[in-house]
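Spelled out, the chains give:
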Amino acid sequence: MIRRRWRALQAAGVMGINRRNADYIMPLNPRRNFPIVDNKLLTKERAILHGVPVPELYGQLSTPHEIRDLAGMIAGKPGFVVKPAHGSQGDGILVIMEQRKGRYRTAGGRLLDEADMEHHITNALSGQFSLGGLPDQVMVEYRVRFDPVFDEVSFQGVPDLRIIVYRGFPIMSMVRLPTRQSDGKANLHQGAMGAGIDIATGLTLPAVAPGNIVLDEHPDTGARISGRTIPHWKEALHMAARCYELAGLGYLGVDIVLDAERGPLLLELNARPGLNVQIANGDGLRRRTEAFDPLGERAHTPLERVALARDMARRGFRADHAA
Amino acid sequence: MRLRHLLILVLVLSVIGTGFFVFKWQVLGFPLSADRDADTWTVEARVAFSRSTAGPVKASFGLPSEPPGFRIFDEQFISRGYGLALEGEGESRRAVWSLRRARGEQALYYRVTLFRDRTHQPERPVPGFPPVPRLEEPEASALDELVTRVRQESADIATFAAGAIRVAQGTEGAVRLFTGARPDPAAQADLVIKILHSARIPAQVIQALRLADDRRDAELEFWIMVHNGSEWLYFDPREGRRGLPANTLVWSWSGERVLEVEGARSPRVSFSMRYTIEDALRVAEFRAQRDHPRIVDFSLLNLPLQTQSLYSILLLVPLGAFLVVLLRNVVGISTFGTFMPVLVAMAFRETQLLNGIVLFVLIVAAGLSIRFYLERLRLLLVPRLAAVLTVVVLLMALVSIVTHRLGIEVGLSVALFPMVIIAMTIERMSILWEERGPAEAIKEGIGTLVAAAVIYLVMIMPAVRYFLLVFPETLLVVLAAILLLGRYTGYRLTELLRFRALAGGGK
Chain A
1015 MIRRRWRALQ AAGVMGINRR NADYIMPLNP RRNFPIVDNK LLTKERAILH GVPVPELYGQ
1075 LSTPHEIRDL AGMIAGKPGF VVKPAHGSQG DGILVIMEQR KGRYRTAGGR LLDEADMEHH
1135 ITNALSGQFS LGGLPDQVMV EYRVRFDPVF DEVSFQGVPD LRIIVYRGFP IMSMVRLPTR
1195 QSDGKANLHQ GAMGAGIDIA TGLTLPAVAP GNIVLDEHPD TGARISGRTI PHWKEALHMA
1255 ARCYELAGLG YLGVDIVLDA ERGPLLLELN ARPGLNVQIA NGDGLRRRTE AFDPLGERAH
1315 TPLERVALAR DMARRGFRAD HAA
Chain B
80 MRLRHLLILV LVLSVIGTGF FVFKWQVLGF PLSADRDADT WTVEARVAFS RSTAGPVKAS
140 FGLPSEPPGF RIFDEQFISR GYGLALEGEG ESRRAVWSLR RARGEQALYY RVTLFRDRTH
200 QPERPVPGFP PVPRLEEPEA SALDELVTRV RQESADIATF AAGAIRVAQG TEGAVRLFTG
260 ARPDPAAQAD LVIKILHSAR IPAQVIQALR LADDRRDAEL EFWIMVHNGS EWLYFDPREG
320 RRGLPANTLV WSWSGERVLE VEGARSPRVS FSMRYTIEDA LRVAEFRAQR DHPRIVDFSL
380 LNLPLQTQSL YSILLLVPLG AFLVVLLRNV VGISTFGTFM PVLVAMAFRE TQLLNGIVLF
440 VLIVAAGLSI RFYLERLRLL LVPRLAAVLT VVVLLMALVS IVTHRLGIEV GLSVALFPMV
500 IIAMTIERMS ILWEERGPAE AIKEGIGTLV AAAVIYLVMI MPAVRYFLLV FPETLLVVLA
560 AILLLGRYTG YRLTELLRFR ALAGGGK
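Line by line, the protein sequences are chains A and B. The numbering of the first sequence is the working numbering, which starts it at 1015 and goes up by one. The numbering of the second sequence is the working numbering, which starts it at 80 and goes up by one.
Derived by calculation from the structure, the hints in this document are not laboratory data. Among the hints, a few may not be true.
As the list claims (entries may be wrong) - Cβ pair distances, simulated, as ranges:
id	chain 1	residue 1	chain 2	residue 2	range
1	A	E1231	B	V91	50 to 60 Å
2	B	V499	A	R1046	26 to 36 Å
3	A	E1128	B	A465	49 to 59 Å
4	B	S413	A	E1128	43 to 53 Å
5	B	F418	A	L1148	35 to 45 Å
6	B	L536	A	M1040	30 to 40 Å
7	A	E1128	B	L88	29 to 39 Å
8	B	L536	A	E1166	49 to 59 Å
9	B	L536	A	L1317	50 to 60 Å
Said to hold, decoys possible - Partial list, computed: chain B residues near chain A (C-beta under 8 Å):
id	residue
10	G96
11	N408
12	R457
13	L460
14	R566
15	Y567
16	T568
17	Y570
18	R571
19	E574
20	L575
21	F578
22	A580
23	A582
Backbone N, C-alpha and C define an ideal beta-carbon position, used for all residues, glycine too.
Could you build all of it, start to finish, from the sequences and the hints given here?
This is the structure in structure tokens:
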């Protein structure tokens, strides 16, 4: 039984964690470039340098006594996001929908006072959410007003796009939809749902609920998930492809949000992107990366790579059609 | 390229590791497992005699030689001023003590250390057919009668021997003629041999010692050894039972007296013995020291005992780490921290598994609720960790006190848990609890306990502990396996479940 399942997964080109670490992350992602993705402040800096749009940074905090500067940063901004610069897997991100007289309402509907906010920031600064528990910085940034296209299929919070970029080619993607369970966050670990996106067309596929159940209906809103068109899809792919040069990593997870006014914005990069995207797409990552391997360095600019990837997607990522 | 490099390294490590191991096992004769050779016996023979007037004394004492099932590895003579000479070789080896002027009660000691080695069964020479004993009447016809009776009641040599033993214990006239009015074992054994020799069956009397721990004033017993044409069979002349019990040490291969004293009165030999189990390693060391001193100088067995017992635990850590690699990268269990399960498993060694799990869950659960309470006080990270640590120590003390009052002694062993590790577990678990939900936190907690239990169960195998201490070079093979697993790119077993939706044949 184990053998059969193993063979079936191998035939489908499904990538396991060991494979991802040994054959993708280790050879393709040089360690020295990790800080670019692990430090979100650095990511933002590099993105601006490469002309990739990002949510505006209101300010950053490095020590607990700088917390008093927070009021100045968020003055006149109805909503904002507090994010540890080294947070992993969405830990420690606080999305504030609105603020009034020292009271903050989170995306999940919780009400925080000044002391709660201060405690959260202090914890983040002392490294509670960072890898290895090292002291961290906290960034305060623009809260995305997400595109209404997802209103029906997300419960509060910000739905975001995850695009897997292999040697600069966007090869697989999904949209992560927050649920009541995920407290408005778009992280699959926290209970969000993931729906695959067809790279060629930008149309959504049925989603994956926590527990890896394929489900075409949002648990909170009841709306159908598949068959929705992602707006600015080409632009999002183009942004993702540019992140290859930006980060210098050959195997990359690019997280993009769709803002109602500003269009796609780069949220963060991930040097060790999760593997659930395969379930969301009902396809194996390895099958797709192997389709690109014979291409060598044929496409150079991000635009060329996007065009090639979409072409490949239309042919079902079959290597024999590529040449 | 890189893979080939790794494979060569793995091969080299494995070859060195197994090479050393095979050399020590085959050439140096290091025992493979503790239980086989751990039985070590120290047998002391006390040779005593007395002389009322001063004068020359010479005592000749038979020494054991190649006893089946044992190996002699140390002999000591305590002679107190006597001259000592070793005479003869092999079976006829004797210690001869002599003194020109001895007076009063004299006691000499011979101490031999042996260890059990069941595979050691030295070949005994195949004898020719013995001559039929020539006897005067009425012994000759009495013996004929006994031989005829035994022959009628027997089918082969083994049953003949058993029959002879049974007959020799009888009390009828024909038997009494040989064994006398008060049957003594020497005479009975002698009669058995006479009966067997009359039937031209090779047989001899041997003398052996029954080993029992802390036995004092033991004496040699007679045994009968009979050759059935293909092998030697041993018989107990008291019960007629066949086979030499495991704890029987053959001291002399003849029925002759072991001690012979010239010039003194009332010679006596008595034996005392002691059983030790920890000496298994010393035995191996001793044997190798004798044959290959250079190599043994660089052995862990040469370290002081205290350091050795420390290493016997330390050497288990790489094995535990290997198991963690296996459980995480091949099975796919998620655990707190990388090597936390190893540390918890070490603590289990003291508390036993079930108690350990109960105590661990108890402390972590209590600590976790305290941690959630502290969260409401808005403390900074490091002070909060310190507070949790303090509470953990207090909780451990409380558990010890309460269980002690209740008479449950295992509660005391809670103190052996690495408390800093527990405090860190609580901290990590609570963050996981808040950020990813209780399900994830409990899943990882259970994963840690399962991994710790598996590692513990491997660690407590005495064979494993012994093996690593005696053959630490096998860790090179473990290292090779770890390196190899470092390039394992196959699926984790849990991923087979995780990606089950994708197993439908693919696209």
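**Prompt:** Would you say the C-beta atoms of L536(B) and E1166(A) sit inside 49 to 59 Å of each other?
**Reply:** With a Cβ separation near 53 Å, L536(B) and E1166(A) satisfy 49 to 59 Å, so the hint holds.
**Asked** Would you say the C-beta atoms of V499(B) and R1046(A) sit inside 26 to 36 Å of each other?
**Response** Hint holds: Cβ distance 33 Å, inside 26 to 36 Å.
**Message:** Does the beta carbon distance between F418(B) and L1148(A) stay inside 35 to 45 Å, or does it fall outside?
**Reply:** violated (20 Å)
**Message:** Please check whether S413(B) and E1128(A) have a Cβ separation lying inside 43 to 53 Å.
**Reply:** violated (37 Å)
**Request:** Hold the hint about R457(B) up to the distance rule: shortest CB distance to chain A must be less than 8 Å.
**Result:** holds (4 Å)
**Item:** Range hint 50 to 60 Å (beta carbons of L536(B) and L1317(A)) holds or violated
**Value:** holds (59 Å)
**Asked** At a threshold of 8 Å, is the proposed contact between L460(B) and chain A supported by beta-carbon distances?
**Response** holds (4 Å)
**Restraint check, 8 Å cut-off on beta carbons, for L575(B) near chain A** = Holds, about 5 Å.
**Prompt:** So the hint says 49 to 59 Å: do the beta-carbon atoms of E1128(A) and A465(B) match that?
**Reply:** violated (26 Å)
**Pairwise beta carbon distance, E1128(A) to L88(B), judged against the given window 29 to 39 Å** = violated (58 Å)
**Asked** Against chain A, is A580(B) within 8 Å by beta-carbon distance?
**Response** The hint holds - A580(B) has a Cβ within 8 Å of chain A, the shortest such distance being about 5 Å.
**Message:** Hint validation: N408(B) versus chain A, beta carbon distance must be below 8 Å. Holds or violated?
**Reply:** Hint on N408(B): holds, closest Cβ of chain A at ~6 Å, below 8 Å.
Checked against the numbered hints given earlier, the structure breaks hints 3, 4, 5, 7 and 10 and satisfies all the rest.
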